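> For the protein sequence lines, the chains are A and B, in the order given.
Residues in the first sequence are numbered from 1 upward in steps of one, following UniProt numbering.
Residues in the second sequence are numbered from 1 upward in steps of one, following UniProt numbering.
In short, the hints are calculated from the structure, not lab data.
Because the structure is a prediction, the values reported are computed rather than measured.
Mixed in with the good hints there might be a few duds.
[To be verified] No more than 30 Å apart at the CA atoms, straight line, and that leaves these computed lysine-lysine pairs for BS3-like:
1. B/262 with A/99
2. B/170 with A/99
3. A/99 with B/167
4. B/229 with A/64
5. B/120 with A/64
6. B/347 with B/297
7. B/167 with B/275
8. B/54 with B/347
9. B/240 with B/128
10. A/101 with B/271
11. B/202 with A/64
12. B/358 with A/99
13. B/240 with B/170
14. B/262 with A/101
15. A/111 with B/358
16. B/271 with B/140
17. B/358 with A/117
18. B/306 with B/240
19. B/167 with B/54
[Claimed, not checked] Derived, one-sided and incomplete: chain A residues facing chain B with beta-carbon distance under 10 Å:
20. 58
21. 60
22. 62
23. 87
24. 89
25. 92
26. 93
27. 98
28. 106
[To be verified] Simulated restraints, written as ranges between beta carbons of each label pair:
29. A/117 with B/259: 54 to 60 Å
30. B/229 with A/111: 40 to 46 Å
31. B/316 with A/113: 54 to 60 Å
Don't be surprised by glycine CBs; every beta carbon is placed ideally from N, CA and C.
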Amino acid sequence: MAAVAGVNVVAVKVFARASEPSPKPVSFSQVNSPWRRSAGVPLRRMCVAAVPDKLTGKVEESIKAAEEACAGDAVSGECAALWDEVEELSAAASHARDKQKEFDPLETYCKDNPETKECRTYDN
Amino acid sequence: MAVSTVYTVQSLNSTCSISTPSKPFSQKHILFFTTTKRALTRSCRQISCSAEDKTVVIGLAADSGCGKSTFMRRLTSVFGGAAEPPRGGNPDSNTLISDTTTVICLDDYHSLDRTGRKEKGVTALDPKANDFDLMYEQVKALKDGAAVDKPIYNHVSGLLDPPELIKPPKILVIEGLHPMYDERVRHLLDFSIYLDISNEVKFAWKIQRDMAERGHSLESIKASIEARKPDFDAYIDPQKQYADAVIEVLPTQLIPDDNEGKVLRVRLIMKEGVKFFNPVYLFDEGSTIEWIPCGRKLTCSYPGIKFSYGPDTYYGHEVSVLEMDGQFDRLDELIYVESHLSNLSTKFYGEVTQQMLKHSDFPGSNNGTGLFQTIVGLKIRDLFEQIVVSRTAAALEAAKA
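Chain A on its own, in the form it takes in the complex (with noise of 0.2 Å):
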C-alpha cells in the first residue's frame, strides 16, 4: 500500500519536473502552489494573458503612490494628477491585453509576406 502511494506521489512528483517549463493552465499551478491565487481575484482571471512586462509592475505602483499622496490631501491638483496617472495606465494595459488577445502568429506572418506558400489564398 505504502509502496503503492510512494510511486504515485513519485509520479506526480516527474509529471510536475517535466511540465513545469511550459506555462500549463491554471489546474496544476494551483495544485503545486495554491498561494499563487491572489486574493480577490476571482479564479477564472487567471487563464487572462498577462499584461505586458512594461505596464505589468505600473499600474500598482501607480495607484500605490497616488494612494500616499492623496491620504493627505484628496483635493490637490498632484493628487489628480496623479489618479490620472492611474487612469493613462490601466487604460494602457487593458489596451495591451486586448491586442494580444488578437495576436495570432500566422496573420502577422501573412500581412507582411502574402506571397509566400503559407498565406496564398484562391478565391476560386
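With chain A fixed as given, assemble chain B onto it according to the hints.
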C-alpha cells in the same frame, strides 16, 4: 442632382481623384477615365483636383475608457478594411490607418508629458496640458491635403516620442478628450460626435476593465473617477453642446433597482439642421413614438426591448432623440428593429445587422451602444459621399462659369 459625368485628369504632378457616387463605396477611390471632350478637360483640370484633395474631418470626444476604440473599429469597418497602426513605425503609435480613413489620437498633442503633468499638478484633461495651436495647424494642413509630422505620445512610457509622418487621407478622424474644445479646431470638423457615459455606467465599465489588473480595487477605481471628475466636468463635458450627435449611455429603466449595469439605455441625440446629416427616425419623422417591438410577431426574453423617438431641445438646439432600452438576444430581433427604422443610410436591407454581426465580439454588440455606433458610422459614410458629390458639383459650376 447627382454628378455622374466624369472628366479626365491629365496632370502628372498632383494626385487627383474623382469618385463616382453611384459606385459602391468599397471600390478603389482613385479612378482615371479618358473622354474625348478635350475642350472641357483643360478648363476643369485644376479645379477638380483641388476639390478632391480636401479631407473630410470627423471629431470624436469621450473620456478615457468610454468606448472610443470600439467606435473607431466599427467606423473604419463601415468604410471597409481594418485600421492598423502604421507599418514600420513606432510600435507605440496611437494612429490607425486603413484604406480610406486615418484615425489620430489627440493625446499626441499633449504639451506636457507624464512627468511634466505630475510636476505642475495637472491632469491630461486640463487644456494646459495640450498644445491646441499645433493641433489646429496640423488638422488644417491635413484637411487642405498636406502631409504633417505629428508628434507621438507614448502611453506606455508617458513620454513624447519623435514625430511620425501622416499623409492626408480621404477621411480623417480625430479622437480624444478635446476635439471640440478649441474653437478653431471645432470649425474644421465636418461632423462631431460625443460619447456621454453616465457616472454609474462609467463606474461599471471601469470595474470590468480594471478588476483583472493587479493592484486595483473598487476603492482605487472609485477614487480615480472622483479625482478626475472636477476637470472632466469643467473641460470635457461642455463639449457635448457642440456635437452634431451625442450617444448618451444610461442605466436601464426596464429593471427596477438594477445595479449590475449590464442592460443599458442608450439615447442617440441628433442635431437638426446639420448639413448633409439626416437624423434617423422611427415611423414618422418629427412625431413622438414609443415602441415595444416584442409581442406577437417577435418574442424577446426578459427584460425585452423598448424604443422611443421624438423631437427635443438640447442645450438650446433642436434635436431628434432616438432611444433604445434593453438588449438584443437574437438575430431576428435585430433585423426586425432595423426594418422599422428609417433614414438609416444603409446601402442594402440588413446592412446594420450585418455590421453588428461582423463585430459581435465587440463590447456593446447586443445593445444600443453597438447599434447606434453602427448607425452613426453609416451616417458618416453618407455624409462623406454627399460632401464629395457637392464638391464635384461645385467644381463643375466653377468650370462652367
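> All hints are to be evaluated individually against the structure, with a verdict given for each.
Comparing the hints with the structure gives:
no. : hint                         : verdict
1   : B/262 with A/99              : holds (24 Å)
2   : B/170 with A/99              : holds (26 Å)
3   : A/99 with B/167              : holds (25 Å)
4   : B/229 with A/64              : holds (20 Å)
5   : B/120 with A/64              : holds (20 Å)
6   : B/347 with B/297             : holds (26 Å)
7   : B/167 with B/275             : holds (27 Å)
8   : B/54 with B/347              : holds (25 Å)
9   : B/240 with B/128             : holds (20 Å)
10  : A/101 with B/271             : violated (38 Å)
11  : B/202 with A/64              : holds (22 Å)
12  : B/358 with A/99              : holds (18 Å)
13  : B/240 with B/170             : holds (26 Å)
14  : B/262 with A/101             : holds (23 Å)
15  : A/111 with B/358             : holds (20 Å)
16  : B/271 with B/140             : holds (24 Å)
17  : B/358 with A/117             : holds (28 Å)
18  : B/306 with B/240             : holds (25 Å)
19  : B/167 with B/54              : holds (12 Å)
20  : 58                           : holds (8 Å)
21  : 60                           : holds (3 Å)
22  : 62                           : holds (8 Å)
23  : 87                           : holds (5 Å)
24  : 89                           : holds (8 Å)
25  : 92                           : holds (4 Å)
26  : 93                           : holds (6 Å)
27  : 98                           : holds (8 Å)
28  : 106                          : violated (16 Å)
29  : A/117 with B/259: 54 to 60 Å : holds (55 Å)
30  : B/229 with A/111: 40 to 46 Å : holds (42 Å)
31  : B/316 with A/113: 54 to 60 Å : holds (56 Å)
Violation of the numbered hints given earlier is confined to hints 10 and 28; the remaining hints are satisfied by the structure.
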